[in-house]
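Each chain, written out:
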Amino acid sequence: MPDVNLTQLDTTPVVLLIDDSQFVHRLLDARLRSESISLIGEHDGKVGLERAIEEGPALILLDLDMPVMDGFETLRALKDEPRTRDIPVIVLSGMNSSQDKVAAFDLGAVDFVTKPFELTELRARVRSSLKMSALLQMLSQKAQIDGLSGLFNRTYFDERLKGEYDRAIRHGHPMSIAMIDLDHFKSINDTYGHPAGDAVIAGVAQVILHELRSSDIACRYGGEEFVLIMPETNPEQAYNLCQRIRERCETITWARHPTRSVTLSAGVVGADDGSSINCTPSAWVEMADRNLYSAKQAGRNTVKASHINGSAVQITQSKAG
Amino acid sequence: MNEPDPNAFSLDINDPEDAELIEYFLGELPERVSAINSAVTDEDIKELGRIAHQLKGAAPGFGFPAIGSAAAQLEGSIKELDESFADMKAVQAEVESLLSLCQSYITPK
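For the record, the sequence lines run as chains X and D. Here the first sequence is numbered in the working numbering, starting from 29 and rising by one per residue. Here the second sequence is numbered in the working numbering, starting from 1160 and rising by one per residue.
Careful, some of the hints might be misleading.
[Stated by the list, open to error] Result set (BS3-like, lysine-lysine): computed pairs, CA atoms no more than 25 angstroms apart in a straight line: (1) Lys1238/D to Lys1248/D; (2) Lys1205/D to Lys74/X; (3) Lys1238/D to Lys129/X; (4) Lys129/X to Lys1205/D.
[As the list claims (entries may be wrong)] DEER-style ranges, computed between Cβ atoms: (5) Glu1239/D to Arg155/X: 34 to 44 angstroms; (6) Ala1225/D to Arg198/X: 21 to 31 angstroms; (7) Ser310/X to Asp1177/D: 31 to 41 angstroms.
[Unchecked claim] Which residues of chain D face chain X? A partial, calculated answer using Cβ under 7 angstroms: (8) Asn1173; (9) Glu1176; (10) Leu1180; (11) Tyr1183; (12) Gly1216; (13) Ala1217; (14) Pro1219; (15) Gly1220.
Read the hints as simulated data drawn from the structure, not as lab findings. Only a predicted model underlies this, so the values are computations on that prediction, with no experimental measurement involved. Using N, Cα and C, we set each Cβ at its ideal position, and we do this for glycine too.
Generate the whole structure from the sequences, applying the supplied hints.
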């Protein structure tokens, strides 16, 4: 099986720095630039906690000595909050006391770095914590991944759709979803056997992953059905993306049946502005399904798209073939 | 307490990343100096301690370990003060040596 599981994890990890000193922000911003991370920062514990909930960073660098809400208090709050509990925290401190170190580890910190920073050491510690964080994340994702396709499974989709839907509404951002179904899949299984059918499922999943951007979420919905969640994507863009998947799928030569190509149909639904949505996440799935059905009715190997409010999608040909 | 290896904090003005940090720190120094002066005038020993603490942690990383040490000495002396009798005069020498060191970078001799 191709190792596609990691593909969906392969994004630049976000590291959140919480420190009241602008000097430290400036210093780490320069000194961690060479690492493949995206550094974001806050200057006090309270706002830092909110930012951590919002962004879900892969790692938090937390200063102990801050006015208002100090590092220990912030660390306790981070570990009490279910949404931030599992994020590793490296404590930064200008006080090199074992008492502070022990207290920080007791509260759940994974590491401790003393100021002034020794740079190579700091970088090594950041790297090792990120590695652990990625492995933990992968472990929890294993339970959410479909074994055959390597895409997320149905359970994950249901959860994630709700989350992305809420986020689109809150920020008034665009969002689209797509239901994809392989055309005449049953006849492939019947004619060439189930291993051939499995190879098609895995192969189409690869095509989907290849076309998606890192922020998109691809899931196997069941059988020969796939579903995509595309945050920050209007229905026109989602339509073009599905067209690329459709075109690419059609051109694949399959080792087990070189003369028989496989096509797919897709139904897309989306909104330009999340704040205008006034239906439930499950209504999105139904609407995408309806568009998929009309794509099938139109002769298959087709993509049909509409806005969630029912209006048609203006089709502009994507430049890339 | 472990003394940091001073060589670990030597920056190279010819390295663009180092130069950027040195420049930033020097740009910020006048503001810190006036913050120290205000804290002294207001007899705000707590604020003075906070500034010293931040300079102690940050200055070496920007290539100014001497400022870091002077700030560490000031912070140490402030910590030894009995808070109820906190008197600026007791740390006057440390304040002056930190300030004159900072000044020497602001207006190079």
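Now the hints, each set against the structure:
| no. | hint | verdict |
| --- | --- | --- |
| 1 | Lys1238/D to Lys1248/D | holds (14 angstroms) |
| 2 | Lys1205/D to Lys74/X | holds (22 angstroms) |
| 3 | Lys1238/D to Lys129/X | holds (20 angstroms) |
| 4 | Lys129/X to Lys1205/D | holds (24 angstroms) |
| 5 | Glu1239/D to Arg155/X: 34 to 44 angstroms | holds (39 angstroms) |
| 6 | Ala1225/D to Arg198/X: 21 to 31 angstroms | violated (50 angstroms) |
| 7 | Ser310/X to Asp1177/D: 31 to 41 angstroms | violated (56 angstroms) |
| 8 | Asn1173 | violated (15 angstroms) |
| 9 | Glu1176 | holds (5 angstroms) |
| 10 | Leu1180 | holds (5 angstroms) |
| 11 | Tyr1183 | holds (6 angstroms) |
| 12 | Gly1216 | holds (4 angstroms) |
| 13 | Ala1217 | holds (3 angstroms) |
| 14 | Pro1219 | holds (4 angstroms) |
| 15 | Gly1220 | holds (5 angstroms) |
The structure fails to meet hints 6, 7 and 8 from the earlier list, while all remaining hints are met.
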